[in-house]
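**Student:** All chains should be modelled from the sequences, with the hints used to inform the complete structure.
What follows is each chain in one-letter form.
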Amino acid sequence: MRRIISILMENQPGALSRVVGLFSQRNYNINSLTVAPTEDPSLSRLTLTTVGDDRKIEQIVKHLNKLVDVAKLVDLTEGSHIERELMLIKVKATGAQRAEVKRVADIFRGIVVDITPTMYTIQLAGTSDKLDGFLAALAGTPILEVARTGVSGIARGEKVLSL
Amino acid sequence: MTLLSGGDMLLRALHDEGVDIIFGYPGGAALHIYDAIYNQDKVEHILVRHEQAATHAADGYARATGKAGVVLVTSGPGATNAITGIATAYMDSIPLIVISGQVGRASLGSDAFQETDMIGVSRPIVKHSFMVQNPEDIPDIVKKAFYIATTGRPGPVVIDIPKDVTDPSTKFEYTYPETVKIRSYIPPSKGHSGQIKKAVDILLAASRPIIYTGGGVIMGDGSLLLTELVRKLGYPVTNTLMGLGGYPAPDKQFLGMLGMHGTYEANMAMHEADVILAIGARFDDRVTNSNVKNFCPNAIILHVDIDPASISKTVTAHVPIVGPVAAVLKEMLELIESAKTKIDSAALAGWWEKINHWRTRDSLKVTPSGNETIKPQQVIQALYEITKGDAYITSDVGQHQMFAAQYYHFDKPRRWINSGGLGTMGFGLPAAMGVQLAFPEATVACVTGEGSIQMNIQELATCNQYALPIKIVNLNNEALGMVKQWQDMQYAGRYSHSTYADSLPDFVKLAEAYGHVGIRIEKLSELKEKMQYAFSLKDKLVFLDIAVDKEEHVYPMAIRGGAMSDMYLSKTERS
Chain A
-2 MRRIISILME
8 NQPGALSRVV
18 GLFSQRNYNI
28 NSLTVAPTED
38 PSLSRLTLTT
48 VGDDRKIEQI
58 VKHLNKLVDV
68 AKLVDLTEGS
78 HIERELMLIK
88 VKATGAQRAE
98 VKRVADIFRG
108 IVVDITPTMY
118 TIQLAGTSDK
128 LDGFLAALAG
138 TPILEVARTG
148 VSGIARGEKV
158 LSL
Chain B
22 MTLLSGGDML
32 LRALHDEGVD
42 IIFGYPGGAA
52 LHIYDAIYNQ
62 DKVEHILVRH
72 EQAATHAADG
82 YARATGKAGV
92 VLVTSGPGAT
102 NAITGIATAY
112 MDSIPLIVIS
122 GQVGRASLGS
132 DAFQETDMIG
142 VSRPIVKHSF
152 MVQNPEDIPD
162 IVKKAFYIAT
172 TGRPGPVVID
182 IPKDVTDPST
192 KFEYTYPETV
202 KIRSYIPPSK
212 GHSGQIKKAV
222 DILLAASRPI
232 IYTGGGVIMG
242 DGSLLLTELV
252 RKLGYPVTNT
262 LMGLGGYPAP
272 DKQFLGMLGM
282 HGTYEANMAM
292 HEADVILAIG
302 ARFDDRVTNS
312 NVKNFCPNAI
322 ILHVDIDPAS
332 ISKTVTAHVP
342 IVGPVAAVLK
352 EMLELIESAK
362 TKIDSAALAG
372 WWEKINHWRT
382 RDSLKVTPSG
392 NETIKPQQVI
402 QALYEITKGD
412 AYITSDVGQH
422 QMFAAQYYHF
432 DKPRRWINSG
442 GLGTMGFGLP
452 AAMGVQLAFP
462 EATVACVTGE
472 GSIQMNIQEL
482 ATCNQYALPI
492 KIVNLNNEAL
502 GMVKQWQDMQ
512 YAGRYSHSTY
522 ADSLPDFVKL
532 AEAYGHVGIR
542 IEKLSELKEK
552 MQYAFSLKDK
562 LVFLDIAVDK
572 EEHVYPMAIR
582 GGAMSDMYLS
592 KTERS
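If you read the sequences in order, they're chains A and B. When the letters of the first sequence are read in order and numbered with the working numbering, they come out as residues -2 to 160. When the letters of the second sequence are read in order and numbered with the working numbering, they come out as residues 22 to 596.
Heads up, some of the hints might be wrong.
What the hints assert, rightly or not - Mimicking DSBU-like on lysine-lysine, the simulated pairs with C-alpha atoms at most 35 Å apart in a straight line are:
no. : chain 1 : residue 1 : chain 2 : residue 2
1   : B       : K211      : B       : K351
2   : B       : K202      : B       : K351
3   : A       : K59       : B       : K88
4   : A       : K69       : B       : K211
5   : B       : K219      : A       : K59
6   : B       : K396      : B       : K544
7   : A       : K156      : A       : K69
8   : A       : K59       : B       : K211
9   : B       : K433      : B       : K375
10  : A       : K53       : A       : K156
11  : B       : K202      : A       : K63
12  : B       : K219      : A       : K53
13  : A       : K63       : B       : K551
14  : A       : K53       : B       : K544
15  : B       : K164      : B       : K273
16  : A       : K59       : B       : K218
17  : B       : K219      : A       : K156
18  : A       : K59       : B       : K202
19  : B       : K88       : A       : K69
20  : B       : K88       : B       : K409
21  : A       : K69       : B       : K351
22  : B       : K164      : B       : K544
23  : B       : K219      : A       : K63
24  : B       : K202      : A       : K69
25  : A       : K63       : B       : K544
26  : A       : K127      : A       : K156
27  : B       : K314      : A       : K53
28  : B       : K253      : A       : K59
Stated by the list, open to error - To list a few chain A residues with every Cβ distance to chain B over 10 Å, as calculated:
no. : residue
29  : M6
30  : S14
31  : Q94
Because the hints were derived from the structure by calculation, they are not lab data. Yeah, the Cβ is synthetic: ideal placement off N, Cα and C, and Gly gets one too.
**Tutor:** In structure tokens, the structure reads:
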């Protein structure tokens, strides 16, 4: 099952490599990963998606918690949560396709953030599923480049991940 | 206020942390630090002959004393040579501080001479590591390193120090922090009382209980409490390879070691138990046998460990208890004292009857050769007798290690010093140096084989330099015994690269060349007498090169893929 794990860790050199290294060392998968400092510059928030059964996820969570740089973490998929991923995509937009691509982008609430006479650069945010859906909807339109950020997430309601 | 250079601060911080001995080997990037060593007399430095030996010596020191062992090496090859020793300590949860020199900050990442990314290379085998970016950080980092290495589940910590950070010409204010707090690292101080209560209730209601304990009892200083618990309950107890000495082996409630080369009664009792209390043990594959599906099918598992990641990793625990072994044992003892549940003494008596029946199989029986050929087990028996069971025994890895574990009946913790998790050949001699330096008056024996001893034989020179009267007990079967045993059992006796009889050195001459005493023993009739003599040379290192039966196998041995009850008991018998 797909899980989203959000980690608060020391914003120190080497902290990220310890997290990433743990996954390769113990044969776990990382499907996506995103990391940036929080409002407290001494802390970074790292969010990753992985797959595994309950047993495997339990081990992943325990091993992550053991890392000295990891202060706190949460498996967001355990409760209701909001997840978002940002995608920037360059597509060919010429002739009749130019209008069609714009229409599809509008349906998905994408924003055209840059244009050339032959291309659109579209920004789209949403769940990973939605981004996949958009790519599928563009079938037939030549996609020139895709940049996805990986999933970020936060719990719904009053639950807070903080120290 | 004191002004000190980075190098001086490091030495001062080590001293303030209570370190009186470090093991190391100099080199370019560590020279400022070595100069700082020269200029002080609080911390003694032991010069080894290879950095791997420095880590094993510090490791042996740590295992015997319970204090962190400290290593100092230079950058590049010095650092990478230390890796095997760090991995050894990591697998067995040994507190180690490994200080490595590094190229200067300005050269970092430039493929400078003797540059290795030590933080990167060591990352998967350390509990934590620090790269010192500023000299002012040294006291704080040293304090944190010791705190991390010695608390919670202990482990090695690397401190990588660029050369210019220890430059003697720049000085800084030095104060050693009195306390340490790391917000992202809070080791557990006690177990969950509710879980402990639950475990005690199940334990008291058991009819076929067994207590299975590992290295955590040793590292967590829980052996006295364990002994009290086991005696109070009257239950059988078994130790892992790492846990030997956690419970006095000569005691009648002790079933011997369990696992791959465990006793018949220990493995059978595990297999048929209805309740297993696991303490500071991690259900390692050498214990559970390779197929955990067949592991102890009827047992409720109560698992005490300081590391939550060790619980339900391979075998699911019904009652997990995360906490320090000693604190949990203490709470268990109090609960048992006041418990209303009475132990079912009839069921327990029946259980013991069964166990005693298994014992009659005498799975560690030694069959003498009937001639002058010495059985390796007889050497360990003689060693036990001659040292009155009171020596520190280090070992290397292989058959001799298992014989030592089976036949030297450890009755105290921290006496059995071996590489259990990583299985590092070459561990024994340097580890013995660390133990001997920690306890100069103690009898320290290194049980080894002619294969393992050659992996760090150069340390005979270190032993000479520091006059370490270690007794090396070399079980010489002219082959890599355990490899050969597997080749006998699984590869139809095809001895692929496991024999080298024609090229073995003359160990007696070799010992003498290094300034020690060498004694060769070939006949059973002279075994005890010559060993006795060797141990009577109190101030000499004696290398006992003992020719043992080349065909001997270690038994019992788990049958691969089976349950704990599936064992070979000899070359011809199975359980």
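**Student:** Output the indices of the hints that this structure fails to meet, ascending.
**Tutor:** When the structure is compared with the hints, numbers 13, 14, 15, 22, 25, 29, 30 turn out to be violated.
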